[in-house]
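S.K.: Here's the letter readout for the chains.
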Amino acid sequence: MVRFENVGLRYGMGAEILRDISFEIEPHSFQFLTGPSGAGKTTLLRLILLSLKPTRGLITLFDADAAHLSKDMITDLRRRIGVVFQDFRLLDHLTTYENVALPLRVQGRAEFSYRAEVVELLRWVGLGDHMHVLPPVLSGGEKQRAAIARALIVRPELLLADEPTGNVDPTLARRLLRLFAELHKSGTAVVIATHDLALMDQFESARRLVLGDNRLHIYE
Amino acid sequence: MLAQSERHQNFDPLEDEEELDLRAEQPLVPAASISGRALITVVAIMTFLASLTAGTAMLVGSAAQGWRGAVSREMTIQVMPVAGHDLEADVANAVAAARGIQGIADVYAYTKEQSEQLLQPWLGTGLDLSALPVPRLIVVKLKRDARLDTDTLRKAVTDKVPDAMIDDHRLWLERLSIMAETVVAIATVIFILVMIAMVLAVGFATRGAMAGNREIIEVLHLVGAADGYISRQFQRHFFRLGLRGGVIGGGAAIVVFLFADSLSLLLRATAGGDEMQAMFGSFALSAKGYGAIVLIACTMGFFTGIVSRTIVFRHLRGLT
Chain B
16 MVRFENVGLR YGMGAEILRD ISFEIEPHSF QFLTGPSGAG KTTLLRLILL SLKPTRGLIT
76 LFDADAAHLS KDMITDLRRR IGVVFQDFRL LDHLTTYENV ALPLRVQGRA EFSYRAEVVE
136 LLRWVGLGDH MHVLPPVLSG GEKQRAAIAR ALIVRPELLL ADEPTGNVDP TLARRLLRLF
196 AELHKSGTAV VIATHDLALM DQFESARRLV LGDNRLHIYE
Chain P
779 MLAQSERHQN FDPLEDEEEL DLRAEQPLVP AASISGRALI TVVAIMTFLA SLTAGTAMLV
839 GSAAQGWRGA VSREMTIQVM PVAGHDLEAD VANAVAAARG IQGIADVYAY TKEQSEQLLQ
899 PWLGTGLDLS ALPVPRLIVV KLKRDARLDT DTLRKAVTDK VPDAMIDDHR LWLERLSIMA
959 ETVVAIATVI FILVMIAMVL AVGFATRGAM AGNREIIEVL HLVGAADGYI SRQFQRHFFR
1019 LGLRGGVIGG GAAIVVFLFA DSLSLLLRAT AGGDEMQAMF GSFALSAKGY GAIVLIACTM
1079 GFFTGIVSRT IVFRHLRGLT
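In order, the protein sequence lines correspond to chains B and P.
Here the first sequence is numbered in the numbering used here, starting from 16 and rising by one per residue.
Here the second sequence is numbered in the numbering used here, starting from 779 and rising by one per residue.
Just to be clear, a hint being listed does not mean it is correct.
What the hints assert, rightly or not - Here are a few chain B residues that face chain P, going by a calculated C-beta distance under 7 Å:
hint	residue
1	THR90
2	ARG104
3	HIS108
4	LEU117
5	PRO118
6	VAL121
7	GLU126
Stated by the list, open to error - Chain B residues, not near chain P, derived (Cβ > 10 Å throughout):
hint	residue
8	ILE32
9	GLN101
10	ALA213
Simulated from the structure, these hints should not be mistaken for lab results.
The structure presented is a predicted model; accordingly, all values stated were derived computationally and were not measured.
Ideal placement from N, C-alpha and C gives every residue a C-beta, glycine not left out.
Next up, chain P with everything else stripped away, as it sits in the complex (with noise of 0.2 Å):
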C-alpha cells in the first residue's frame, strides 16, 4: 500500500525495537457495566427465588410422601375393656393373632401405663385412671412392600377378641392424601409463576442491557464481522452475564437450605423442633434438590445468551 520509508518520512516513527506492551485481547462486549450489572443482580434475584420455591416444593413432596408412607405401613388394633374379660389376655391373643398373618413387620402392644400416659395431653397428670375404660392399643406395622389383606387380618384377630376394632387409618389417609398433593399442586403452580416471572424479568433486562450495545454492533457489522461472530460475541458474553448471576441466586438458595436444615437439627430435641420435623421431615434437601438449583441456574445463563443471540440477529436484519 504505502512504502515503510514513505510513512516514516511523514510522521514521527518511533524506534522499531521499542517493546509492545500489549494488553489481552478485550472482549468486543465492554465487560463491565451498570446495565450488566443491573443483569447479573435481576438473573441472581430470580434465579434465588425460583430455587426457593423449587425446593421447597421438593422438600413438600417428599414431606407428604413421607408422611403418606409411614400412615400407609401402619394400622392400629384397638381393644376395649369388657366386663368380665381379661384386658391383658384379650390383647395377647390380638398381638399372637396379628403376629400370623403374612405381611407383618411387627406387632407392638402399648402397656397400661403408656396407653394411660397418652391420655396425659387431655387429662393431666397426677390422675388415677384405673377406673376408666382406657382401650389398650396394639400397633401393627407392616413389612414395607407387602400387600395385606385388612379383611384377613380382621377376620383373624376379631375370632380371638371379638371387641377388637382394626383402623387401616384409611379415611385419614385419603385426607392426608388430598392435602399434600394439593400442598404440591399449589407449590408446582407458584414455582411455574415463578418460572415465568422470571423469563420475562431477564428478557427485559437483557434487552435493557443490549440496548447500551447497539452502536457496537453496528459498528462490527460495517467493519465487515459476519453475523453470526456478532452474536457469538455477545451470546458468550451475556451467558455469562447469566451464569454470574444465577451462580449467585443459586449460592445463596443453596445456603438457606443448608442454613435451615442445620437449624432444624439443632431445634430437633425441643418442641417447636418436634413438630416441625413432624410436619416437614428434616429440611434436608436431596441430591436432585441441590441439582434442580444448580440446573435453573445453569439455565439461566443459557437463557440469557439465547435472548441476546436473538436480539442482535433482529438488530441485524434491520440492518444491511
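Here chain B stands alone, though its shape is the one from the complex (with noise of 0.2 Å):
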C-alpha cells in the first residue's frame, strides 16, 4: 500500500531531517508512529500524503511510483487516504455537518447522497447533536471527533491520524482509538502518529514506527 525506500528530506540547504526511511504499510495494518516532539512525525505523514515532496529515495503508494504521478493522480490516490490533522483543520464557516461531508462535496457528490452517511457517522462520534454547530463553538474534544468524521466519511483503504487523543480525556481518548481499532477491523490501514505511550499500550499488538535521530526504527 505504502512502500519508502531510502527516503530522504531536507529543507533547502539544511541538514537532512529525515534520512534513510524504509519502511512498507500492508493493507489491514495498524501502526502507531511516535517518537519525540519534533523528530519528523507530522513530516513522515505529510510524505506518505504527497503533500511533500522528498528530497531523495522512492515513495510508492498504491503501486504507483510518487514521482511520476500527475496532479490529477495525486488528488485521486488521496482520495483513497483518510486525514486527521493535529491542528484539526475544520473550516469555521461551515457546521461540522459540512465540514465532515467536505471530502465528499468536493467530489462532487450531491448533497442528498450523503446525507444520511454523515448523520449516522456524526451521531457515532457523538456529535448528533453538534450537527449545526459551527467549529468556533465546539470543544477541543468535539473538533477532534469532527475531524476524525471528516477523515472517515470516504471510508479510507488508509487512515493517517496525527496526533489524534492529544486533545481529549484519557475516556475520550480511549473511545477513540477504540474506533480506529473497528476502522482497522473494517480492512482500513492505519497509522496514528502519537508520543502517549499510554495510549500504545492498549493496542499492544500493532506495530510501532519509532522517529529519533532522523531515522526511523521499527518494532513489529
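Starting from the two chains in their separate frames, assemble the complex, guided by the hints.
M.R.: If you want it as C-alpha cells, here you go:
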C-alpha cells in the first residue's frame, strides 16, 4: 500500500531531517508512529500524503511511483486516504455536518446522496447534537471527533491520524482508539502518530514505527 | 466499514425519525468577510472613477464633434456698407447669388436691427448706431452631406457684390479641431491611467482578500478537491464580489450622469446654463456611454474572478 525506500528530506540547504527512511505499510495493518516532539512525525505523515516531496528516495503509494504522478493522479490517490490533522483544520464558516461532508462534496456528490451517511457517522462519534454548530463553538474534543469523522467519511483504505488524542481526556481517548480499532477491523490500514505511551499500550499488538535521530526504527 | 448496530452501542444515537433541519449548501468560500467588503469598496470606487472618466471623455468627444459639425456646416457672408451703394440691395443680391449655388440648404440675412443687436454686448443699449458702418451678416447653411466649392460661392457672390467677404470659418475650424482633439486625447489618457490604477488596485485588493483564504485552499486540497474545483469556487466567489462592486460603482456613475443631465435641462433657460450648453452640448450620455459603464462594471467582475483564479492556481502549484 505504502512503501518508502531510502527516503530522505531536507529543507533548502539544511541538514536532512529525515534520513534513509524505509518501511512498508500493508493493507489492513495497524501501526503507531511515535517519537519525541520535533522528531518528524507530522513530516513523515505529509510525505505519505504526498503533500511534501522527498529530496531523495522512492515513495510508492497504492502501487504508483509518487515521483511520476500528475496532480490529478495525486488527487485521486488522496481521496483513498483519510487524514486527521493535529490542528483539526476544520473550516470555521461551515457547520460540523458540512465539515464532515466536505470530502464527499468536493468529489462532486449531491448532498442528498451522502446526507444519511454523514448524519450516521456524526451520531456515532457523539456529535449528533452538534451537527449545526460552527467549529469555533465546539470544544477541543468535539473538534477532534469532527476531524476524525471527516477523515472516515470517505471510507478510506488508509487512515493517517496526527496526534488524534492530543486534545481529549483519557476516557474519550480510549473511545477514539476503539473507533480506530473498529476501522482497522473493517479493513482500513491505520497509522496513528502519537507520543502517548499509555495509548499505545492499549493496543500492544500494533506495530510501532519510532522516529529518532532522523531515522526510523521499526518494532514489530 | 462499521456495523450500524455497533456504532449505536458505542455512542448515543438519536432517533432515526428525527427531522434534520439542514441549511442550504453553503459556499466553500465564506460569503461575508472584512477583506471581501474592502474589495467590494475598492472595486466600487475604482469603477465609479473609471466610469466618470469614460463618460466625461465621451461627452467631451461628442461635444467637440458637435462644435465641428455645426461650424463646418455654416458660412458667413459679410456685406460692408459702401458709400453710394444701396446696402439692402447688396444684401438681397448676395442672398440671391448664394441661393443659386448647389449644396446650400438655407440662406438667412440678418436685418439691420439684428446686426445692431449683435453689437449691444460691446456698445451697450440705447445708442444710435445708424451713423456707424455696421456690416450686414448673411448666414449660409450647407446641406448635411453636400460638398460645397467655396470658390464657386465666393465668385458668384462677389460677381454681384464686389465688396462682400466670405468667411468659411476654416481658421476657426482648424483651431477648434486641434483643441477638441487635444481635449479628447487628454480625456483618453486620463481614462487609460484610471484603468491602469483600477487594475492594480483591484489586483492588490483581491490578493489581500485571497490571503485570508489560504487555509481553505489547503484544506480543500488535502481532502481531495481537484485544482480546477478549488479555483472554480474562488473564481465564482470573487466574480460575485467584483460584480457587486462594479454594479455599485457603475450605478453611482450612471446616477451622477442622469443627475447632471437633469440639472443641465433645469438650468437651460439661465445664462450660465446656455454657456454650458454651448460648450458641452447636453450632458445626456448616449446609450453607448451607458453601455461603456455597464461594460466597465462587468469587466471588474471578470477581472477579480480571473485574478483570484490565477492566485489560487499559483498557490496550488506551491502545494504538492
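S.K.: Determine for every hint whether it applies to the structure shown.
M.R.: Status of the hints after comparison with the structure:
Given the 7 Å rule on beta carbons, the hint for THR90 (chain B) holds: about 5 Å separates it from the nearest Cβ of chain P. This hint holds: ARG104 (chain B) has a C-beta 5 Å from the nearest C-beta of chain P, less than the 7 Å allowed. With a cut of 7 Å, the hint placing HIS108 (chain B) at the interface with chain P holds, because the nearest CB-to-CB distance is about 4 Å. Hint status for LEU117 (chain B) relative to chain P: holds, with the closest Cβ pair at about 5 Å, below 7 Å.
Taken as an interface hint, PRO118 (chain B) checks out: its beta carbon lies about 4 Å from the nearest beta carbon of chain P, inside 7 Å. Using the Cβ-Cβ criterion of 7 Å, the hint placing VAL121 (chain B) at the interface with chain P is satisfied: the shortest such distance is roughly 4 Å. Residue-level restraint check for GLU126 (chain B) holds (minimum Cβ-Cβ distance to chain P is 6 Å; threshold 7 Å). Distance to chain P confirms ILE32 (chain B) as a non-interface residue, since its nearest Cβ pair spans about 17 Å, more than 10 Å.
With a closest Cβ-Cβ approach of about 13 Å to chain P, GLN101 (chain B) is found to remain outside the 10 Å limit, as its non-interface label requires. Taking the minimum C-beta to C-beta distance to chain P, about 20 Å, the non-interface status of ALA213 (chain B) holds against the 10 Å cut.
When the structure is compared with the earlier hints, no violation turns up for any of them.
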